[in-house]
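Novice: Here the protein sequences line up with chains B and P, keeping their order.
Note that our numbering has the first sequence beginning at 1, numbered continuously upward.
Note that our numbering has the second sequence beginning at 1, numbered continuously upward.
No lab work stands behind these hints: they were computed from the structure.
The structure presented is a predicted model; accordingly, all values stated were derived computationally and were not measured.
Treat the hints loosely; a few may be bogus.
[What the hints assert, rightly or not] Selected chain B positions facing chain P (Cβ under 10 angstroms, derived; list incomplete):
#1 Phe166
#2 Lys173
#3 Ile177
#4 Val255
#5 Asp260
Glycine included, every Cβ here is placed at the ideal spot set by N, Cα and C.
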Amino acid sequence: MKSLLKILRDFPAYLWSGWGAVASIFLFIALWDVGNQIYGDLVLPSPLETFSTLGRLFQDAKFMENLFITLNRAMVGFGISLVIGTALGLLAGFFVTASIVSRPIVTILMGMPPIAWIVLAMIWFGMGDATVEFTVVVASLPIVFVGALQGTRTLEDKFEEMADIFKVPMMMKFTDIYLPHIFSYVFPAWVSALGMAWKIVVMAELLATSDGLGASLAMARSQLDTSTALAIVVAMVGLLMFVEYIFLEPIKREVEKWRD
Amino acid sequence: MARLKVENLSFSFGYDTILEEINFEIDEGEVVSIVGPSGGGKTTLLRLCAGLLDRQEGKIENSFETQAIAFQDPRLLPWKNVIDNIAFGLKSMGVSTQKREKRAKEIALKFDLEESDFDKFPKELSGGMSQRVSFARALVTKPKLLFLDEPFSALDIGLKRELQNHVMELIAKKEITIFFITHDIMEAIRLSDKILLLAPDPVGRIVKEFTFDMPQEQRDDEYVYGQTAKILSDRDIIETFELEFK
Chain B
1 MKSLLKILRD FPAYLWSGWG AVASIFLFIA LWDVGNQIYG DLVLPSPLET FSTLGRLFQD
61 AKFMENLFIT LNRAMVGFGI SLVIGTALGL LAGFFVTASI VSRPIVTILM GMPPIAWIVL
121 AMIWFGMGDA TVEFTVVVAS LPIVFVGALQ GTRTLEDKFE EMADIFKVPM MMKFTDIYLP
181 HIFSYVFPAW VSALGMAWKI VVMAELLATS DGLGASLAMA RSQLDTSTAL AIVVAMVGLL
241 MFVEYIFLEP IKREVEKWRD
Chain P
1 MARLKVENLS FSFGYDTILE EINFEIDEGE VVSIVGPSGG GKTTLLRLCA GLLDRQEGKI
61 ENSFETQAIA FQDPRLLPWK NVIDNIAFGL KSMGVSTQKR EKRAKEIALK FDLEESDFDK
121 FPKELSGGMS QRVSFARALV TKPKLLFLDE PFSALDIGLK RELQNHVMEL IAKKEITIFF
181 ITHDIMEAIR LSDKILLLAP DPVGRIVKEF TFDMPQEQRD DEYVYGQTAK ILSDRDIIET
241 FELEFK
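Modelling step: build the complete structure from the supplied sequences, incorporating the hints.
Specialist: Put into C-alpha cells, the structure is as follows:
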C-alpha cells in the first residue's frame with residue numbers, strides 16, 4: 001500500500017523524465033517519413049497516413065472486436081504462464097534436484113522456435129483459440145519459470161540466520177526476507193513474458209485463426225493494404241509501450257530501487 | 001537468574017570433529033569472550049549456542065528471554081532502508097509500526113547516524129555506517145543476551161572504539177549479557193569478565209580461562225596493554241596462536 005502511494009507520487013517526475021524517449025520516437029517517425037518520400041506510399045505509407053488509418057480503425061467496430069479477441073488470448077495465455085510458471089519455478093527452486101532436472105528441459109523449451117510450436121499446435125488443436133493460447137503459454141512460461149527459479153535459488157542463508165537469532169516468525173520471514181528477494185527476480189521475468197506473449201499471439205493468429213489482430217494483418221497483406229498493415233503494427237507496438245512504460249516501468253523502479 | 005550453560009558439547013561436520021567436550025557458563029550480566037585463531041571453531045560454537053545449528057552431543061541451556069546478534073558483515077536487508085533495518089527485530093517482536101519507528105530513530109541518532117540517512121538503502125551506506133546500523137538493530141531490541149561474532153574486526157580504530165563504548169555503557173549498567181567471539185586479544189581484554197581460549201588442534205577445545213575483576217569502565221589503555229602483554233606471554237596462548245619465533 002505504501003509502495004503504491006510512492007509509485008503514484010513519483011509518477012509525474014517519471015513522466016517528465018520521458019521527454020528524451022519522446023524525442024527519440026519523433027526522430028524515428030521523421031526517418032520513417034524520409035523512407036516514405038523515397039519509396040512511395042505502396043511500400044511505406046507516410047506516418048501521417050498510417051496514423052489517420054489507425055484513427056479510422058479505432059472507430060471501426062470490427063477492428064475493435066478483433067483487438068479485444070487478441071487481447072483476451074494474450075491475457076489468457078500470459079495469465080496461465082504467470083500462475084503456473086511462478087508456482088513451478090518457486091517449487092523447483094526450493095528443491096536442488098528439481099532445479100537440476102528442470103534446467104535442460106527449460107533450455108529445450110526456450111531454444112525451440114515459437115513458429116515450430118505453432119505448427120505443432122495447429123496439428124494438435126486445429127485452427128482456433130486453443131492453438132494461439134497454447135503457443136503463447138509455451139513461449140512465455142519458461143521465462144517466468146526461470147525468473148522464479150533463479151529468485152529462489154539465490155536466496156541467501158545469511159539473512160535467514162540473522163532472522164533466526166531474532167526468532168522471527170515464519171510468516172514474517174516470508175514477507176520480509178524471501179518475498180522481496182524473489183519478487184525482484186520474478187517481476188522483471190513477468191514483464192518480459194508479457195512482451196513475449198504479445199508478440200507470439202499476433203504471430204499465431206496470423207497463421208492459425210480467422211479473427212484477431214494477426215488475422216487482420218494477414219487480410220491487409222493479401223489485399224496489399226500497406227497502410228492498414230502498418231496501422232495495425234503501430235497499434236500493437238503502441239499498446240505494448242503504453243502498458244510497459246505507463247504501468248510496469250514505474251512499478252519496476254519502485255520494486256528494484258534498492259538494487260545496485 | 002538467566003544463564004547460558006554449555007555442558008560436554010561436541011560437534012562434528014561429517015567425520016571432521018570441530019568441537020570436543022566444551023564446558024562453560026555465562027551468567028546474567030557477564031561478558032564472556034572466546035578467543036582463538038581463525039578456523040578454530042569459534043563461529044561454530046556461537047552458532048550452536050544461538051540455536052542456528054542443531055546440537056549433536058552435550059547440553060546447551062539458554063534461559064535468556066531475548067537475544068540479538070552483530071556479525072562481522074552487517075547483514076542488512078538490502079531492500080529495507082536504514083530505519084526499517086534497525087526496526088527489524090522490533091517488528092518480529094510485534095511492536096507497532098509507530099513505536100518501532102520512533103525507537104529506531106532514537107537509537108539511530110545515538111549511533112551517530114543522521115536524519116538524512118534514515119531513508120537510505122544499504123547500498124548507499126559506507127561499511128562503517130552499515131555496521132552502526134547493524135549494532136543499532138541488535139541493541140534496539142534491548143536483548144538480554146547479545147552475540148558478537150567479530151563485529152569490530154573490519155572497522156577502523158575510531159569506529160571500533162565508538163561501538164565498543166556503546167556496548168560498554170550497557171555493560172556498566174548491567175543491562176546485558178554478552179557472548180563475544182574474537183581473535184583480537186586486546187579487544188577481548190577491554191570488554192570481558194572472562195576469556196576462554198579455544199585451541200583448534202587437534203580438535204576444538206577450551207584450554208584456558210582468564211578472568212578480569214576490574215569493572216570495564218575503569219579499564220584504561222594502560223591496564224589493557226598491561227594485561228595484553230601478560231596474556232601474550234602465557235604458554236597456552238603462545239602455543240595456540242603459534243606465536244613462537246622459529
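Novice: Would the hint on phenylalanine 166/B be counted as holding, given a Cβ-Cβ threshold of 10 angstroms to chain P?
Specialist: This hint holds: phenylalanine 166/B lies near chain P, its Cβ roughly 5 angstroms from the closest one there, short of 10 angstroms.
Novice: With 10 angstroms as the cut and Cβ atoms as the points, is valine 255/B at the interface with chain P?
Specialist: Since the shortest Cβ distance to chain P is 9 angstroms, the answer is holds.
Novice: Given a cut of 10 angstroms on the nearest C-beta pair, is the interface hint for isoleucine 177/B held or broken against chain P?
Specialist: holds (7 angstroms)
Novice: Restraint: lysine 173/B near chain P, CB-CB cut 10 angstroms. Satisfied or not?
Specialist: Check passed: Cβ of lysine 173/B comes within 9 angstroms of chain P, closer than 10 angstroms.
Novice: For the hint on aspartate 260/B, just tell me whether its beta-carbon gets within less than 10 angstroms of chain P.
Specialist: Hint on aspartate 260/B: holds, closest Cβ of chain P at ~5 angstroms, below 10 angstroms.
Violated hints: none; the structure is consistent with every hint.
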